[in-house]
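Participant: Each chain is listed here by its residues.
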Amino acid sequence: MFEILVYPGVAFIIIASMLYSGILRKLAARMQNRKGPPVWQPFWDFIKLLSKDTIQPEQARPGYNVWPTLGFVSVLVAALAIPIGGMAALSIPGDLIIVVYFLSFGSMCLYMAGLSSANPFGVIGAMRGITQMVGYEFPFLASLITVAVARGTLSLWNINFFQVNYGFLAFLYPFAFIAFFIAIVAKAEIPPFHTPTAHQEIVSGYYTEYSGTNLAMIELTHYIKLFALLALGVAVFFGGSATIWGFLAKTLVLLFVVVVFRVVLARLRIDQAFRLTWFFGIVALVDLVRVLL
Amino acid sequence: MPEKRPDKTREERKKACYHVPIGPQHPMYVESENIMVHLDGETIVDVDVNIGYMHRGIEELMQRRNYIQNIFLAERICGICSGIHSMTYTQCVENMAGIGEIPERAKLIRMIILELERLHSHLLFFGVAGYEIGLDTLFMYTWRDREHVLDMLEMISGNRINYAMPTPGGVRRNLPEEKIPEMLKKLDYLEKQCRYYAKVFQHDKLFSERSVGLGILKRDDVQRFHIVGPVARASGVRDDVRKNIPYLVYDELDWSMITQTGKDVRARVMVKALEMFQSISILRQCLKRIVKTPKELKVRFPLVIPPSEGIAVMEAPRGELVYHGRSNGTDRPERMRIRTPSFVNIPYSLPLMLRDQQLADLPIIVASIDPCFSCCDRVTLLDTRTGEKKKVDETFLRRLRDV
Numbered sequence: 001m002f003e004i005l006v007y008p009g010v011a012f013i014i015i016a017s018m019l020y021s022g023i024l025r026k027l028a029a030r031m032q033n034r035k036g037p038p039v040w041q042p043f044w045d046f047i048k049l050l051s052k053d054t055i056q057p058e059q060a061r062p063g064y065n066v067w068p069t070l071g072f073v074s075v076l077v078a079a080l081a082i083p084i085g086g087m088a089a090l091s092i093p094g095d096l097i098i099v100v101y102f103l104s105f106g107s108m109c110l111y112m113a114g115l116s117s118a119n120p121f122g123v124i125g126a127m128r129g130i131t132q133m134v135g136y137e138f139p140f141l142a143s144l145i146t147v148a149v150a151r152g153t154l155s156l157w158n159i160n161f162f163q164v165n166y167g168f169l170a171f172l173y174p175f176a177f178i179a180f181f182i183a184i185v186a187k188a189e190i191p192p193f194h195t196p197t198a199h200q201e202i203v204s205g206y207y208t209e210y211s212g213t214n215l216a217m218i219e220l221t222h223y224i225k226l227f228a229l230l231a232l233g234v235a236v237f238f239g240g241s242a243t244i245w246g247f248l249a250k251t252l253v254l255l256f257v258v259v260v261f262r263v264v265l266a267r268l269r270i271d272q273a274f275r276l277t278w279f280f281g282i283v284a285l286v287d288l289v290r291v292l293l
Numbered sequence: 294m295p296e297k298r299p300d301k302t303r304e305e306r307k308k309a310c311y312h313v314p315i316g317p318q319h320p321m322y323v324e325s326e327n328i329m330v331h332l333d334g335e336t337i338v339d340v341d342v343n344i345g346y347m348h349r350g351i352e353e354l355m356q357r358r359n360y361i362q363n364i365f366l367a368e369r370i371c372g373i374c375s376g377i378h379s380m381t382y383t384q385c386v387e388n389m390a391g392i393g394e395i396p397e398r399a400k401l402i403r404m405i406i407l408e409l410e411r412l413h414s415h416l417l418f419f420g421v422a423g424y425e426i427g428l429d430t431l432f433m434y435t436w437r438d439r440e441h442v443l444d445m446l447e448m449i450s451g452n453r454i455n456y457a458m459p460t461p462g463g464v465r466r467n468l469p470e471e472k473i474p475e476m477l478k479k480l481d482y483l484e485k486q487c488r489y490y491a492k493v494f495q496h497d498k499l500f501s502e503r504s505v506g507l508g509i510l511k512r513d514d515v516q517r518f519h520i521v522g523p524v525a526r527a528s529g530v531r532d533d534v535r536k537n538i539p540y541l542v543y544d545e546l547d548w549s550m551i552t553q554t555g556k557d558v559r560a561r562v563m564v565k566a567l568e569m570f571q572s573i574s575i576l577r578q579c580l581k582r583i584v585k586t587p588k589e590l591k592v593r594f595p596l597v598i599p600p601s602e603g604i605a606v607m608e609a610p611r612g613e614l615v616y617h618g619r620s621n622g623t624d625r626p627e628r629m630r631i632r633t634p635s636f637v638n639i640p641y642s643l644p645l646m647l648r649d650q651q652l653a654d655l656p657i658i659v660a661s662i663d664p665c666f667s668c669c670d671r672v673t674l675l676d677t678r679t680g681e682k683k684k685v686d687e688t689f690l691r692r693l694r695d696v
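Sequence lines, in order, name chains A and B. First residue of the first sequence: 1, per this note's numbering; consecutive thereafter. First residue of the second sequence: 294, per this note's numbering; consecutive thereafter.
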């Protein structure tokens, strides 16, 4: 029970994911030659949003209030199944499928939230999000299947400890790793893939209409999704983790590269993003074919 | 991208579209304007540009203030090109009063302010362009460098945005000559940075993806609607008041007009990027020349102008700016007419550029003409009995002409 609720479970994941988003913002700010908010800013934002009114538009469809919380719960379940520092809260055989399923379901919940909010910006954002999802799920799944086939297991636990003993899978399957990395940047909607929430075009995309507790849940979903993706990257490709310190060090290295992406790249149009992600899907197939042969 | 259906007219297609309002409040711009976008999927079928949210009645206010007070009113028409507005106004008043020549030092100080203003306006534009395509880093960097230009303006005038430098007959303050070496150093730094930005705009792959071939404005359309400024120059039209009708001492200095043939967003950005180097060169020449001129700053201005008319044309950072005034023998103008570059560029060029483009490209295309909405709104009719608001359009003017 302690493992599920506290460490490495719910409490640890929520606090760490907020902290990671704070670090991301701070790092990006320093790279852009500005000071940036304190790393604890996501906490204050979250607490502030919880205390705000929650407004529901009159034309909103049923489910308007349900999707954000459902999204939060599903990415949390995904994060619980990923080994963190040699421990996993929910370690069962086949947890790779659970992680993949619930991460995608979490994104889908947010897009459904946009569709149910009866706002043109929300609808356009959700449509873009779904289009982009069709793009980035290909490299994401192709690279994960490569590792699963190569190790002959669907257990993240086994993949994690194989790497702890025998070294980084990223070196064995570099193409799959590159594709996977692009996919996690796209999945977390970090620039250049922030088309669904393009501020200058469609205000806040799918969550334009949301406020208060619902918005807090959506923000938390984003934080946990990024954290879960980084943790998955470490568990599957980036050497695995036997201790919490190794885990933190490796995820922070990945986070640093994500921040570099965020800082140096401009937003892609939806068709360009789609083409780019499918290109990297084909790159991942190179390794998959190699493994299958 | 959905295929185009040539069998339906644009008007018919418009009715079946998804209508998305961009503005009057929208994160794309801090100013308020409304662009009604008619969308077919992600493709823009047509746009309706509605301006008129920022009308402040400045031309009317000018008739109630005297010629000196109006300098500071003209300066507040625009927050970015405040200097060019006050200088064109003073030039217009000088023409009305028949003041032929102002001292050379005053001319040079005016030019230094104008070119510094062009630098900071263009740097601001690069930041906005980066922001609109989601490249926040470019925004942070260019606005950091823009601070150096503002520092230079503060050294000269004591102010960062509204400089209050010109007065009919000359300028109000002298340029502190002991600051010239420091300013030259800052110009060197800016030149280095501009070279870097020009390289980014020319060679950065992602920037090219989001700018080349977008928002095409044909040369014929430029001439038909008389589009002005960098937008016209990016379509290959040689339209720069500084060269075509030289004022101050532009014709005595060594610089060249920048034109591009791309006609697209990148061409407009490149025109501004290359103009920065010309501005820096003009500034260096002015600073070199000013130490040799006599210390005289202004000639006498009579305060009361006999009935006459005057016109002044200058090149603002966004294009040709026209002031046309008439005096009636008192100390205040009978009528001042202001035609700003954005007022020419926004309503006519935006629909031409935006048709059949993607929604995702709308912000950068709109930003590429560097619109200044506060400059835009001049005439709004308000019926005081019913409270009904009306914009003046072409048909209304035709009707007036026929009466």
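For the record, the hints were derived by calculation from the structure and aren't laboratory data. Errors might be hidden in some of the hints.
Unchecked claim - Interface residues of chain A toward chain B, partial, derived using beta-carbon atoms under 8 angstroms: (1) N33; (2) K35; (3) S91; (4) V203; (5) Q272.
Stated by the list, open to error - Listing some non-contacts, in silico: residues in chain A with all C-beta distances to chain B over 10 angstroms: (6) L19; (7) Q32; (8) I124; (9) T153; (10) H199; (11) A266; (12) I270.
We put the CB at the ideal spot given by N, CA and C, even for glycine.
Participant: Confirm or reject each hint.
Facilitator: Results of checking the hints against the structure:
1. N33: holds (6 angstroms)
2. K35: Where the cut-off is 8 angstroms and the nearest Cβ of chain B is about 11 angstroms from K35/A, the hint is violated.
3. S91: It is violated, given that the least Cβ distance between S91/A and chain B is near 39 angstroms, above 8 angstroms.
4. V203: The hint holds - V203/A has a Cβ within 8 angstroms of chain B, the shortest such distance being about 6 angstroms.
5. Q272: Holds, about 6 angstroms.
6. L19: holds (22 angstroms)
7. Q32: violated (4 angstroms)
8. I124: Its Cβ does come within 10 angstroms of chain B, the nearest being 7 angstroms, so this is violated.
9. T153: holds (39 angstroms)
10. H199: With a cut-off of 10 angstroms, H199/A comes too close to chain B, as the shortest Cβ separation is near 5 angstroms.
11. A266: Non-interface label fails for A266/A: nearest chain B Cβ at 4 angstroms, not farther than 10 angstroms.
12. I270: violated (6 angstroms)
The structure is inconsistent with the numbered hints 2, 3, 7, 8, 10, 11, 12, although it conforms to all the rest.
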